[in-house]
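Using the sequences provided together with the hints, build the complete structure.
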Amino acid sequence: MDYILILDILGVIAFSISGVLTSLKKRMDAFGILIIAFVTSVGGGTLRDVLLGVSVMWLQNMTYVYVIIITTILAVIFRKKLFYLRKSLFLFDTLGIGLYTVVGVEKGIAQGFSPIICIALGTMSACFGGVIRDILCNEIPQIFRKEIYATACILGGFSYFVFLKLNFPVSLIFILSGSVVIVVRLSAVIFKLSLPSIYKKDEDIEDYW
Amino acid sequence: MDYILILDILGVIAFSISGVLTSLKKRMDAFGILIIAFVTSVGGGTLRDVLLGVSVMWLQNMTYVYVIIITTILAVIFRKKLFYLRKSLFLFDTLGIGLYTVVGVEKGIAQGFSPIICIALGTMSACFGGVIRDILCNEIPQIFRKEIYATACILGGFSYFVFLKLNFPVSLIFILSGSVVIVVRLSAVIFKLSLPSIYKKDEDIEDYW
Amino acid sequence: MDYILILDILGVIAFSISGVLTSLKKRMDAFGILIIAFVTSVGGGTLRDVLLGVSVMWLQNMTYVYVIIITTILAVIFRKKLFYLRKSLFLFDTLGIGLYTVVGVEKGIAQGFSPIICIALGTMSACFGGVIRDILCNEIPQIFRKEIYATACILGGFSYFVFLKLNFPVSLIFILSGSVVIVVRLSAVIFKLSLPSIYKKDEDIEDYW
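Chains as they are written, first to last, in the working numbering: chain Y, 10 to 218; chain D, 10 to 218; chain P, 10 to 218.
Be aware that a few hints might be false.
All copies of an identical chain are treated as equivalent in the list; a pair is satisfied when it fits inside any one copy or across any two copies.
[To be verified] Simulated crosslink set (EDC-like; lysine to aspartate or glutamate; CA at most 16 Å straight-line):
{"hint": "1", "residue 1": "Lys89", "residue 2": "Asp211"}
{"hint": "2", "residue 1": "Lys155", "residue 2": "Asp143"}
{"hint": "3", "residue 1": "Lys90", "residue 2": "Glu212"}
{"hint": "4", "residue 1": "Lys35", "residue 2": "Asp143"}
{"hint": "5", "residue 1": "Lys35", "residue 2": "Glu212"}
{"hint": "6", "residue 1": "Lys89", "residue 2": "Glu212"}
{"hint": "7", "residue 1": "Lys35", "residue 2": "Asp211"}
{"hint": "8", "residue 1": "Lys174", "residue 2": "Glu115"}
{"hint": "9", "residue 1": "Lys34", "residue 2": "Asp143"}
{"hint": "10", "residue 1": "Lys35", "residue 2": "Glu148"}
{"hint": "11", "residue 1": "Lys34", "residue 2": "Glu212"}
{"hint": "12", "residue 1": "Lys34", "residue 2": "Asp211"}
Derived from the structure by calculation, the hints contain no laboratory data.
Okay, structure coming up:
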């Protein structure tokens with residue numbers, strides 16, 4: 010399971026840095042930056058664990074806490090250089106959401122939930138850290154306006170159950186459905202794909218009510 | 010208990026549609042709209058269940074999830090027609106808060122809490138979905154500024170314990186205290202009642218501190 | 010333990026009044042003011058208890074609820090006089106965060122967590138009520154921008170483990186580490202101390218990404 014640990018740490022690093030950048034833009038102080046890095050990395054998984062009533066993962070495993078603290082300190086010190094890392098960070102971030110989605114789906118399956126709930130738990134694990142980050146920064150969550158992230162997670166979660174129906178071995182399903190998330194997200198960004206907007210041009214929503 | 014199920018579903022529908030309307034005004038995408046519909050419907054009950062340390066209701070009963078997904082899709086498609094449904098929706102919404110209040114109070118009683126806590130749990134079940142909706146939409150929660158909703162829930166919860174003292178049968182208490190919520194809210198809206206404001210005209214609060 | 014109860018109540022009073030003042034500035038109604046007073050006082054401890062999976066403190070002990078309700082009513086009625094109490098309130102508030110920090114640290118130790126987690130739980134207990142208050146009032150949490158509060162809690166939590174290593178008796182550690190929080194915060198405010206800013210003058214963060 011060493012590969013998974015490495016992926017997990019890469020994901021936590023990418024999420025922490027995204028939190029650091031958001032909080033720097035809001036001119037937060039050291040404490041605020043650390044908290045935002047923290048909730049961006051582990052907020053989704055924490056919400057999932059609280060809803061499931063299981064132990065919160067970062068209370069059980071100090072690795073998360075150490076990685077977040079060290080990443081935050083380095084990211085603040087070298088903040089002017091982060092620009093040059095943006096491609097690697099985007100890749101880590103994408104690996105991270107792929108991993109988190111699958112881990113979330115599997116936590117749901119372990120508790121005997123139906124596929125829809127499991128997919129929701131996977132998507133929540135991958136996406137809700139960013140939602141809490143945006144709320145703490147007093148912004149409307151980005152993910153509610155640009156759906157590439159969430160769509161990739163939902164498709165990845167869905168594919169998990171397709172592969173499960175096909176009786177693939179569990180470790181293969183893990184890799185394949187994580188890859189679905191990663192491929193969908195990479196393609197969406199590279200080819201600038203997005204779901205068709207539900208809004209008509211100049212549609213005035215205020216009129217409907 | 011079929012009546013209760015129907016009331017519950019009507020409440021979930023009304024709350025989901027209120028979430029859809031709020032998120033459309035914020036120009037959210039499909040994922041954002043679904044999440045806002047979801048938290049508006051079940052956010053209050055979820056918070057209550059997490060605080061009580063019991064299983065979260067929508068993880069146990071898929072009906073909620075299906076009703077919310079279907080309602081959201083229909084509400085987005087037919088969003089221009091929602092205006093014509095506004096009276097029915099207001100009625101469903103009112104039935105919903107009546108039901109949710111009483112269900113919340115009873116969950117508190119089942120765990121042996123004192124009346125004040127039970128009334129708080131009932132009010133939370135009915136009102137905090139809207140609070141979470143507003144936070145996610147980056148607004149100050151409406152209910153903190155217009156108190157008709159919460160006052161109706163608190164009075165309904167209070168009446169529950171009055172009826173209990175009078176030794177009414179439980180099923181009758183359920184109906185009566187739910188009706189108190191509904192009647193107070195309907196009267197408040199129809200007769201434009203509200204509690205007297207605590208603010209004096211032109212009061213400058215900034216001066217106090 | 011009577012002293013602790015008195016300190017706790019003084020802390021709850023100070024936090025409730027801080028919630029009342031914030032919500033008055035947002036022109037909230039009676040219900041909103043009560044909720045904000047409530048989350049400011051017990052929000053941090055509630056979040057800690059939910060993450061730890063233990064019973065939420067104010068569901069177990071009605072004292073909190075009564076103190077918050079009475080304080081809120083009095084604070085709203087006498088809001089014009091609060092200005093004259095500001096020094097006492099600042100003192101109560103400081104006593105409160107000292108106490109809450111140590112209580113949070115001890116709850117973590119009781120569950121066998123490592124020092125870093127315990128310090129985080131202590132800081133969360135003392136500071137996150139204010140974070141939830143600010144989110145509900147649609148502001149970026151103050152504490153993410155002015156770190157005096159959090160730094161004092163972190164140092165107090167750290168000192169707890171230093172005193173523990175020195176084999177001091179538990180009741181003395183309680184008093185000493187609580188005093189560290191109080192002294193650091195009082196000195197910071199009186200001597201206008203703060204950590205050096207991480208931002209350079211005119212630093213343009215938008216450029217980094």
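A quick look at each hint next to the structure:
1. Lys89 with Asp211: So Lys89 and Asp211 pass the 16 Å test across copies only (14 Å; inside, 40 Å).
2. Lys155 with Asp143: within (13 Å within a copy, 19 Å between copies)
3. Lys90 with Glu212: Between copies only: 14 Å across chains, 42 Å inside a chain, cut-off 16 Å.
4. Lys35 with Asp143: both (11 Å within a copy, 15 Å between copies)
5. Lys35 with Glu212: between (32 Å within a copy, 12 Å between copies)
6. Lys89 with Glu212: The answer is between: 10 Å across copies meets 16 Å, while 41 Å in one copy does not.
7. Lys35 with Asp211: Between copies only: 14 Å across, 31 Å inside.
8. Lys174 with Glu115: within (15 Å within a copy, 41 Å between copies)
9. Lys34 with Asp143: within (12 Å within a copy, 19 Å between copies)
10. Lys35 with Glu148: Classified as both; 11 Å inside a copy, 12 Å across copies.
11. Lys34 with Glu212: between (32 Å within a copy, 10 Å between copies)
12. Lys34 with Asp211: Between. Shortest inter-copy distance 13 Å satisfies the 16 Å Cα cut-off; intra-copy 31 Å does not.
In summary, this structure violates none of the numbered hints.
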